[in-house]
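Number of protein chains: 2
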Amino acid sequence: MSVFSFKVVKELGQARLGELHTPCGTIDTPAFVPVGTQATVKAVSIDDLQKLKIQVVLANTYHLYLRPGVETIECLGGLHKMMNWNGPMMTDSGGYQVFSLGWAIEHGVGKVVNFLADDSREEEELKRQITVKTKSIIPRQKLCVVDDEKATFISHVDGSLHVWTPEKSIEIQGKLGADLIFAMDECTSPIHDSDYTRNSMYRTHLWEERSLVKFRKLHNKFQEIYGVVQGGPFEDLRIESAKFVADNHFFGNGIGGAMVTKSKMLEVLDWIMSILPADRPSHLLGIGGIDDILNTVGYGIDTYDCAFPTRLARRGGLLMLPEDGGKLLNRWTLNVVREEFKNDNSPLSQNCECELCSGGYSKGYLHHLYWAKELLIFRLTTIHNLYVMEKLMSEIREGIAENKLEKVKRKWLG
Amino acid sequence: MSVFSFKVVKELGQARLGELHTPCGTIDTPAFVPVGTQATVKAVSIDDLQKLKIQVVLANTYHLYLRPGVETIECLGGLHKMMNWNGPMMTDSGGYQVFSLGWAIEHGVGKVVNFLADDSREEEELKRQITVKTKSIIPRQKLCVVDDEKATFISHVDGSLHVWTPEKSIEIQGKLGADLIFAMDECTSPIHDSDYTRNSMYRTHLWEERSLVKFRKLHNKFQEIYGVVQGGPFEDLRIESAKFVADNHFFGNGIGGAMVTKSKMLEVLDWIMSILPADRPSHLLGIGGIDDILNTVGYGIDTYDCAFPTRLARRGGLLMLPEDGGKLLNRWTLNVVREEFKNDNSPLSQNCECELCSGGYSKGYLHHLYWAKELLIFRLTTIHNLYVMEKLMSEIREGIAENKLEKVKRKWLG
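Just so you know, the protein sequences line up as chains A and B, in that order.
For the first sequence, the working numbering assigns the number 1 to the initial residue and increments by one for each residue that follows.
For the second sequence, the working numbering assigns the number 1 to the initial residue and increments by one for each residue that follows.
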């Protein structure tokens with residue numbers, strides 16, 4: 001019997017409460033997965049993560065492959081032991097870096113959903129703006145080129161050349177030793193047309209098949225693998241890709257790639273979630289905005305990873321609970337960097353129980369720490385933002401359990 | 001009755017065990033005082049400091065005056081409340097910045113004892129080398145000029161001009177609200193000759209008298225003031241300055257300034273400690289190397305402040321306990337930055353109980369965090385180094401209490 005299993009405990013519409021069992025523990029889903037790119041969730045310790053009741057973290061295979069390197073991680077006992085994290089862990093495949101170090105760096109774009117705050121502008125207008133933006137950016141040398149066989153990277157650490165194949169990604173992820181790993185894909189850019197996206201999707205399917213073959217060969221019973229649906233914002237491609245993932249023997253469904261707008265993301269989920277096997281856990285790659293989670297949990301998404309709450313924290317952005325005025329309109333964010341908080345001796349929140357809020361640190365002191373470039377602020381704000389994310393997820397789980405998910409959504413969206 | 005008092009509990013030769021009572025608590029002496037320049041001990045939280053049993057911290061008046069500014073600190077409830085530290089606190093006078101932003105910046109020198117590891121080279125040779133070094137450095141615009149009335153600073157934060165007087169220093173320190181403050185002095189440079197040092201010392205005495213007058217006028221019973229002995233490496237000047245401090249009604253004796261070599265520092269203490277009133281606490285300003293503390297505690301020094309252990313930590317330097325091989329010869333330092341630790345999966349210490357060592361983090365992981373520029377390392381290494389400093393001080397106190405100080409010195413010096 002496999003040490004891995006996924007059990008849907010309760011359904012409410014398509015939303016579901018689940019238990020994702022791994023050798024390192026059980027993840028109660030829906031769950032948010034903080035990102036620990038380089039084998040550390042930036043600015044916080046494992047002790048901090050445990051106090052925050054973080055259930056699972058995601059590390060980036062390509063980054064760790066470059067630094068400190070697979071051999072070193074093996075010497076240090078694998079990823080879990082090296083970073084002292086004994087809970088469940090995910091690694092990605094390096095496929096996102098194919099995009100972020102390739103097309104993204106060359107054209108100065110992100111995964112569009114991440115930099116678009118709302119959908120009030122029409123999609124075509126957005127595309128136009130992206131194109132304008134793209135053309136106004138001085139082209140930079142991209143660090144990755146792709147063909148059907150492989151991705152070829154120039155290391156952003158030391159300029160060395162690296163060839164990345166699906167087999168290599170799976171082999172490295174095997175050595176890193178995370179519980180849940182991903183098949184290698186190519187993440188497409190929002191500026192790609194349907195032709196490029198279609199060809200890329202077929203390449204992704206080839207890569208995923210090779211990933212799966214390699215994975216099965218390794219016979220590692222302490223690891224399970226997710227497939228990844230690609231296909232950009234195109235309905236026919238998404239459906240085809242979802243069928244591909246469904247038809248192959250993956251443990252979990254990953255949903256990746258560019259979706260152009262937040263409303264397009266919901267459309268994509270509409271197209272694919274009924275195709276993907278419901279008895280597998282579904283992971284939405286790189287998505288974790290508060291509204292994104294609230295709006296997609298009803299489609300049956302079980303886990304989310306995103307650097308947003310921890311990155312926001314390091315820029316002085318503090319997530320606000322609904323009790324403290326957090327809502328869609330203000331993006332749940334209070335930015336202590338702003339001048340208005342300089343002399344503000346009030347605490348951030350009376351409702352939050354994190355180390356920052358219960359410690360009695362004032363907004364004015366945080367403002368000072370930010371501008372004085374003091375290291376303390378990064379940890380305190382990261383702890384706070386992760387606390388808010390965990391609070392969100394526990395309220396969502398409670399909402400599903402107690403048939404009041406809509407109430408939770410209303411409360412948070414404001 | 002004053003809420004401040006200093007009680008010598010036990011003497012062993014000139015070394016003494018003391019209790020320094022302040023309104024915010026009692027400091028068991030000898031004690032090490034971590035530096036929190038900008039109202040935070042870099043990289044650690046108040047919770048961390050409390051777990052480390054840190055008794056007292058020192059903040060820098062001039063830095064806080066520039067940023068966030070006195071008005072803001074008052075709005076935020078004073079220094080204690082602003083930074084959430086309810087234990088004893090010291091502030092310096094800004095006198096050290098007269099040196100560090102003036103002569104030091106112009107001539108590229110430090111307080112020599114801080115950059116000379118040993119006294120194996122002769123003093124004259126050292127002076128020659130300093131002069132050579134000084135002349136080879138491209139002169140930089142100094143940010144402070146001094147006359148008998150005042151020090152005039154150009155802010156290193158925004159280039160604005162600030163006039164600093166003894167009265168202003170005391171007034172600002174009053175508003176910051178630390179328990180123990182310092183009279184304003186001019187810290188001289190190791191390259192100053194006896195003429196400059198003599199004139200500077202008289203200026204310091206004038207400034208200290210003015211500091212004292214201003215301090216008494218403020219009638220702040222929640223604050224006490226230290227005088228500061230200056231006079232460089234010159235015997236006649238040091239004796240004259242010690243007499244000045246002794247003859248004036250200061251609560252504590254501060255010992256400041258350049259002493260050129262570590263052995264000269266001991267000579268200076270030989271000259272002055274019998275002159276300074278023994279019923280006052282004595283503070284050695286800016287000194288806190290492990291050997292410096294071990295070698296001066298026998299002269300009757302009660303408290304030490306120094307940025308060294310926390311700064312070393314941020315550069316990847318980890319202090320080693322004697323049990324782990326720490327000794328004078330290796331400066332008690334293991335530097336995880338070095339290549340040899342890349343694949344080292346052993347913990348730093350089996351004997352240290354700090355969060356880093358008890359948490360199971362390996363030297364190889366710390367090496368990775370350092371080179372990956374990950375924020376986590378700064379906090380872990382700072383916690384460790386402060387733990388070692390506290391361990392040193394508690395063993396010194398135990399050594400005095402149990403008449404075995406020499407044994408403690410032998411153990412640590414190796």
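By construction, these hints were calculated from the structure, which means they are not laboratory data.
Errors might be hidden in some of the hints.
Each pair may be met inside one copy or between any two copies, as identical chains are not told apart.
Dumping the calculated BS3-like pairs for lysine-lysine here, alpha-carbon to alpha-carbon at most 30 Å [as the list claims (entries may be wrong)]:
1. K53 <-> K150
2. K142 <-> K81
3. K243 <-> K407
4. K373 <-> K168
5. K217 <-> K142
6. K262 <-> K51
7. K53 <-> K217
8. K168 <-> K150
>> Of the numbered hints stated earlier in the document, which are not met by this structure?
In response: The structure breaks hints 1, 2, 3, 5, 6 and 7; every other hint is satisfied.
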